[in-house]
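My request is simple: use the sequences and hints to build the entire structure.
Chains as they are written, first to last, in our numbering: chain U, 1 to 315; chain G, 316 to 988.
No wet-lab data here; the hints were simulated from the structure. Predicted model, so just to flag it, every value in this text is computed and none were measured. Just so you know, even glycine gets a beta-carbon here, dropped at the ideal spot from N, CA and C. The reader is advised that the hints may include incorrect statements.
Claimed, not checked - Heads up, incomplete: computed chain G residues facing chain U, CB under 7 Å, no partners named:
{"id": "1", "residue": "Ile361"}
{"id": "2", "residue": "Ser850"}
{"id": "3", "residue": "Lys880"}
{"id": "4", "residue": "Asn881"}
Said to hold, decoys possible - 30 Å max Cα-Cα, derived DSS-like pairs, lysine-lysine:
{"id": "5", "chain 1": "U", "residue 1": "Lys53", "chain 2": "G", "residue 2": "Lys424"}
{"id": "6", "chain 1": "G", "residue 1": "Lys424", "chain 2": "G", "residue 2": "Lys775"}
{"id": "7", "chain 1": "G", "residue 1": "Lys479", "chain 2": "G", "residue 2": "Lys786"}
{"id": "8", "chain 1": "U", "residue 1": "Lys165", "chain 2": "G", "residue 2": "Lys845"}
{"id": "9", "chain 1": "G", "residue 1": "Lys479", "chain 2": "G", "residue 2": "Lys504"}
{"id": "10", "chain 1": "G", "residue 1": "Lys879", "chain 2": "U", "residue 2": "Lys49"}
{"id": "11", "chain 1": "G", "residue 1": "Lys939", "chain 2": "G", "residue 2": "Lys786"}
{"id": "12", "chain 1": "U", "residue 1": "Lys49", "chain 2": "G", "residue 2": "Lys880"}
{"id": "13", "chain 1": "G", "residue 1": "Lys424", "chain 2": "U", "residue 2": "Lys2"}
{"id": "14", "chain 1": "G", "residue 1": "Lys880", "chain 2": "U", "residue 2": "Lys53"}
{"id": "15", "chain 1": "G", "residue 1": "Lys948", "chain 2": "U", "residue 2": "Lys53"}
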Amino acid sequence: MKTLLIEIIQVLLFLALSPLLLGWIKCLKCLLQNRRPPSIIQPYFNLIKLIRKQTIVPCEASWIFRFTPYLMFSVSILAGIMVPLFAINLPIAYMQIGDVIVLIGLFALARFFLVLAGMDIGTAFGGMGSSREMLISSLAEPSALLVLFTLAMTASSTNLYLIIKHLIESSFVLRPSFVFAFLGLAMITLAETGRIPIDNPATHLELTMTHEAMILEYSGRYLALIEWSAQIKLMVYLVLLSNIFFPWGIATNLTLSSLSIGLLATILKLFGFGLILAITETNLAKLRLFRAPYFLSITFMLCLLAILSHVILEI
Amino acid sequence: MTLITIGSILIATLSGLLPIIFLKRWPTLLRLIHSTLIGLAGLGFISAGLLTLSTNQSIILNLTTGFPAISWSLHLDALSGFFLSLIGIIVIAIAFYIPFYLRQYENTKQSINSLMFFTGLFLASMSLVILANNIFSFLFSWEMMSLTSYFLVIYQHQYAENRKAAQVYLLMAHLSGLFILLAFGILAKFSGAYDFQTIHTHAATLTPLWANIAFLFAFLGFGIKSGMVPVHVWLPKAHPVAPSHISALMSGVMLKVAIYGLIRIVFNLLGVIHWQWGMLIMCIGGLSALWGILYALMQNNLKRLLAYSSVENIGIIFIGLGLSVIFISDGHPMLGALSLIAALYHTLNHAVFKSLLFLGAGAILQHTHEHDLENMGGLIHKMPQTALFFLIGCISIAALPPFNGFVSEWLTFQASLQTSVLHSNIMRVVIPIAAAVLALTGALAAACFAKVYGVAFLGKSRTRHARHARKTGLGMRFSMAALASTCLLLGIFPAFIIHLINKIPASLFGTGLSPTHVQHWLWIAPISFKVSSYSSPIICGGIILLCIITYFLLRQFGHSYAYKKNPAWDCGFGGLNTRMQYSATAFVMPIRRVFHNAWQLDEKITTENTEDGDTKIRYELRIKDWIWTTCYKPLDKYIQKSAKLLAHLQGGNMRIYLAYTFFTLLILLLVVS
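Okay, here's the thing in structure tokens:
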């Protein structure tokens, strides 16, 4: 019962904190770029505004266009269940509904539908976004799998809860594979969540955009769902980065004190990563579209190096 | 069970023979009877196969023919039972498809009767290959299968392209038959018998060298037929030209018969297996997977795209098989069983979704007369049900949860992550690379099928034909619905299927997955819950439930739910037309730039000035298979040249021919004496 409660709290936290995290990153970026920041809770207002607005659907759209936002949102919630946020030793950990491969697969499912939705309306913008999204994902997704395989082979489990448990319990050693894996996963995070240098989340209506081009025709509650799930996805990736490579402070038993420490530590780590993300984004320029594959193939190579250095050096 | 098996093979044969007997009388009735018989045969295959799998009994049936050493011997065990039921599933679905699909050949010069004749014989011979228990019956039915499918490929022989494709196919099929014959020859030499049981028990007499040679021959022979790289070239030529339900049968079932042959020889007849074989199978599998999907991505002809994607999927199956061989030879039969189950599961999955996609392509072809993706578009509004089923096929083949393609890839990944138990360093390094290739392949497959679906079914209709497409016939929709729901069932309840398949490794090498891990219906945890678990029913149910909850919550708290339909935004210029959509070629252009060395690209841009003062720009893109141009073309040239040289022997002069005969006789006498 207690574990179920914690699972539910965890999912609610993913839902509640993800806009805040985005607001924090936006604030920091503004401050770093000498602009006046919006309120940190502005993303919440945006979501509420969008949900209240009437939805407009293009004439050519089929049911796929209307179904995609719901699917993306549900997938994000399921991802929230699968990724340990602040506690790991839950009994439910042994009966997970899915492991890391399922997590990546679910994100791929959501993306598949989003890409179809982009092509559904039959405009050039939608197709452009879809085509580019597929380019990025076709290299970023296998890289993500490879990073997670490296960790899974270290912990001999693909269950995220058990991977983190293994990493906490084993004494700290600086493994070469982890250095590569961390770099790889950080670069994947930038690519998968549409941040600079791959995609610019701040632009609308530019020929360089990817994610925004696909969802150009969305409005109202559909747009709210898509933006919210994008925020959750960003949070999921940052949680993965922080909890796998810096698993300190995460609650390993179910007492109130350790849970609250775990929660606090997770939030601090997330906000720390938000700061790093804001700094990198401010310092980097967006890559040209055809430069993006170089970035992504370096990522793929790093991830392959991670798994190979693991099997060669660490077994 | 014997009765069901024999009966269904006879029914399949009968379904082919009837049209020959009745010829042109009652064509509609004949088609109905033909498809009913095929459906009955399929039902028989499924029930015989499932009975064998669930009761774990095996039957052997011998029929003497009067010649010594040449007898028909049939054997139904767990492995053949699995493949027999796989044939059955596809055949039943196709039985509903045939009467509606054949309508398009009415009132044309095409003879429907010959199509039905060869279809019936093709089905019967495929099931006989699966059941064959000695070399004679195996090779006989194998050649029957190749020949009947050749006639099915060349069915529309008025087009030169089709004749060429069929010729390549016939040549490759015979090469494959030759290699299989050689492999069996070695086995028969060492065991001194032709039936599989004796060969199996005498396998220990095989020396390692001859075992390796026999394996290589068998691998090449079955590999040609299953379409592995670099001997895949017949596949993208033959599949697009056959009628669509035949393409479905060839891609969905016939390739699997070759997989069956490989499993039978490697795991059953050769006795001791060596890890090098697994390495070879896995590397070729990885190559095929990547090659297949890269070429599939670039195709615009829907059926050729599907054919290349078959190459990819065969590659994935080979990766699983290779892993299985490696694990078994290294002394980990449990992991070997897991990899074999993954491979077999993918075999089943590929049969189902590839047939579904080919049937869908046939439906599109029938209503739009278009092969080319660039000429489709907007079909989701014209044929909504077909679009739904095709979407299920696309999601399944792109290996996305919670559909079936994902389950088998997940199992393959699970097996490949267990490399730390292996003793050899080489294997520990190569297997993760194969896993990386598999991951890359999966992502590219998603891109490929997003392209197919997005361009063919979504957006606006690109041509008049696509604009005037109508609903598909009831039977065709039904057969696609059956396959689509099989995809769903295989994806959502994998535990039952794994439980059934688990008997195959148990019967082949005595070890299966431990029964405690395969009995949960809600979860699958092939190794243990501590290693990994996947609950497809919960994920699928969760997605549906969460969608519904979100929908109602938003309805409650959001704007009153009545969305407005408005034209899409056109940048304020007005006049969005169908030519402004992204085309299939444009969609994969970024990927083409990234992997540009994988294809032989032939790009041509020509500009010409028209009389109105506008410039007209023409873009042409040809994508050629490197293997075809660098290996087969020169080989073809060389063969032609040597044939011309040999032709000098044929002077046309009777006396010279007599002299040849005389000298041959003399030399023979010399040799004999």
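Numbered hints the structure breaks, given as an ascending list: 1, 5, 6, 7, 9, 11, 13, 15
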